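Colleague: Here's the letter readout for the chains.
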Amino acid sequence: MIEGFLLGLYTALSVKNMLMVIGGCIIGTFIGMLPGLGPMSIIAIMIPVAISIGDPAAALILLAGVYYGAVFGGSTSSILINAPGVASTVATSFDGYPLTRQGKAGKALTIAAIASFAGGTVGALLLVFFAPALASVALLFHSSEYFALMVVGLSAIAAFAGSGQVTKALLMTVVGLALATVGEGAQFNMPRFTMAIMDLQSGIGFITLAMAMFAIPETLLLVLDPSRSGKAGSKQTDITNLRITKDEAKKITPVIGRQSLQGFLIGVMPGAGATIASFLGYAVERNIAPEEERKEFGKGSVKGLAAPESANNAACTGSFVPLLTLGIPGSGTTAILLGALIALNVSPGPRLMQDQPEIFWSVIISMYIGNVVLLILNLPLIPYIAKVLTVPRTFLIPFILFFTLMGAYIGQNNATELLFLVGLGVAATILRFASFPLAPLLIGFILGPMLEDNFSRATQLYDGVSFIWERPMTAILLGIAVLLIVLPAMRSRKASKELDSG
Amino acid sequence: MALDRWLALFIALIFLIYGYTAFFQMDGLLPPILQRNPVWPSTFPKILSVIGVFGALCVLINIEKTDRQIIDDIIVENWRLYKIFNALTLISGMVIYALTLRSLGFLAATFLFLSLSAALLGERRFPLLIVVSGMASYGIWYLVDSVLGIYMTPFPAFLNIS
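First to last, the protein sequences are chains G and U. All residue numbers for the first sequence refer to my numbering, where the first residue is 1 and numbers rise by one. All residue numbers for the second sequence refer to my numbering, where the first residue is 1 and numbers rise by one.
Calculated from the structure, these hints are not laboratory results. A few of these clues could be false.
As the list claims (entries may be wrong) - Computed spacing ranges between beta-carbons, pair by pair: (1) U:Val131 to G:Asp247: 34 to 40 angstroms; (2) G:Lys16 to U:Ala108: 31 to 37 angstroms; (3) U:Thr89 to G:Lys16: 40 to 46 angstroms; (4) U:Arg102 to G:Gln187: 55 to 61 angstroms; (5) U:Val50 to G:Ile342: 32 to 38 angstroms; (6) U:Phe126 to G:Asn413: 29 to 35 angstroms.
What the hints assert, rightly or not - A short list of chain G residues far from chain U (calculated; beta carbon distances all over 10 angstroms): (7) Ile26; (8) Phe130; (9) Ala138; (10) His142; (11) Met190; (12) Lys246; (13) Ile288; (14) Gly298; (15) Pro357; (16) Leu401; (17) Trp469; (18) Arg471; (19) Ile480.
What the hints assert, rightly or not - Derived coverage of chain U by chain G (criterion: at least 3 residues anywhere in the stretch with Cβ under 8 angstroms from a Cβ of chain G; other residues may be distant): (20) 13-27; (21) 93-100.
For clarity, every value in this text was computed on a predicted model and none was experimentally measured. Heads up, the beta-carbon is just placed ideally off N, CA and C, and yes, glycines get one too.
Could you build the full structure based on these sequences and the hints that come with them?
Modeller: Below is the structure:
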């Protein structure tokens, strides 16, 4: 493990990879600040660039840097103009924006940066211990357990979709799995569901689908409803005093400690992710705060700002645990990263740590470096970076659409792919109008081939589906998957009935 | 009926077609040697079609018995307030861009897409628009073609210049 760690350290500290981290963080911050553009859209747009680098470690380091930068950028727009660029930074605006209105924008940004740094750092440290332990357990798994584990992951994503959303999330997952069966799979060597369209022989492109699910709907929604852009293009808030007092530092320290730990553990669970971590972090801190401090929440409390910021950054790091150790993405963002890794011929999973330790460890170490970069580079640069908020939407929207189209074109070098992109993007926008969650669709699409592959292998090995009851671990995992789907659906049905009768 | 239930009905129909293909069309093409295999190419799609139809019906009959969740402040009932014309025109613009990228060449197609889209969204500083679109078109073509090494036809096909 120490040898691998040192190899990772050597890889992460190379000039090329340091530039990747710095570049990724800056690009992510710039774009993440734009209201309406989340990390998933940004990473989807950046994938063709990352793949063209060719080096998997450098590509993943760049994308991870973009991810952190985007989350940090989202906090900045939440604090400065009350327009969260990302769902996970909505809770940041509860107290961040009131602080800006009180003329304390600089202070709010400093607290957000410190809390993010601490959350990310604690997360990275926990990742160093958690990931190898989980990977060593996962090495004992057979294809049947992998199949069951993936079913648990997909079920958890649906289960955490929220009240009234479980069946929709489940349906979207199955749609994603079905889309993954289109084309000529490696396993059977025969075309499936191609409808005699030659361009579908190789299946639907992962980059095309990722852009269609996130970048196109986000942008079309900005066109449909211009008020979603927040006050982008309006006069920039003055950011002068970045200092925090001793008393404020004393107040936020325990909050950051608690929420970094809680956020990380929530991030590790598939489907929970940074958004739930930030809201839960905010709610927990408000509930345990003394009476007079509780009144401050929502009006510019430093604790209320530090809690979601440390929780969402720790959760971002935590979400890498199932990705790197099991090869199972816990969120839409990590699903996109998984797709990028597969495109680079890297298979994340328990063997990654043994077979390609330089990738495994360099990514973990670069997370820590990314947090340092965000703290020391972005904070002094924030007044300048915030100028991106003044870019008029008349230029912003055509450019986002153009980069999306270019991403799909470069990825496949095929103009027909652009038509698929537009068609799928319009379908995704309509689904968003009907509140169908789109992340489960993409996760299903990415996990689809692996799920089918493990299912087929287990079935061939046992000459049928007897592996379900012959392997106790598989049976237990599948039982958990069923419970994950049935219990929340029943609970929300019961709650609704009580509401009707009461 | 709410939009989500209409969509669930549509998805159910898609899964019925998907299932019909998996159950009745795919297996006929299978070579005899593969028919002795416990897993066929249609096995996984068959399972998915059953779960898909079941899931779509659950949404259709609103089995969770909850009101529609409003995510991201999108309120479908307010559709009249949305700039639908602008969105449809931009979608058409993307389709035209995809269809003309090869024939018009990257530079002209990109320049027209960027400048016309910005003008549609209300940009009236035309000299700035032309400069920004022109610089972006050339800059990105140079970056993709020369730096990333991905060839893209820069000029219209009829000029025969590469």
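Colleague: Check each numbered hint against the structure and report the violated ones by number, ascending.
Modeller: 1, 4, 5, 11 and 16
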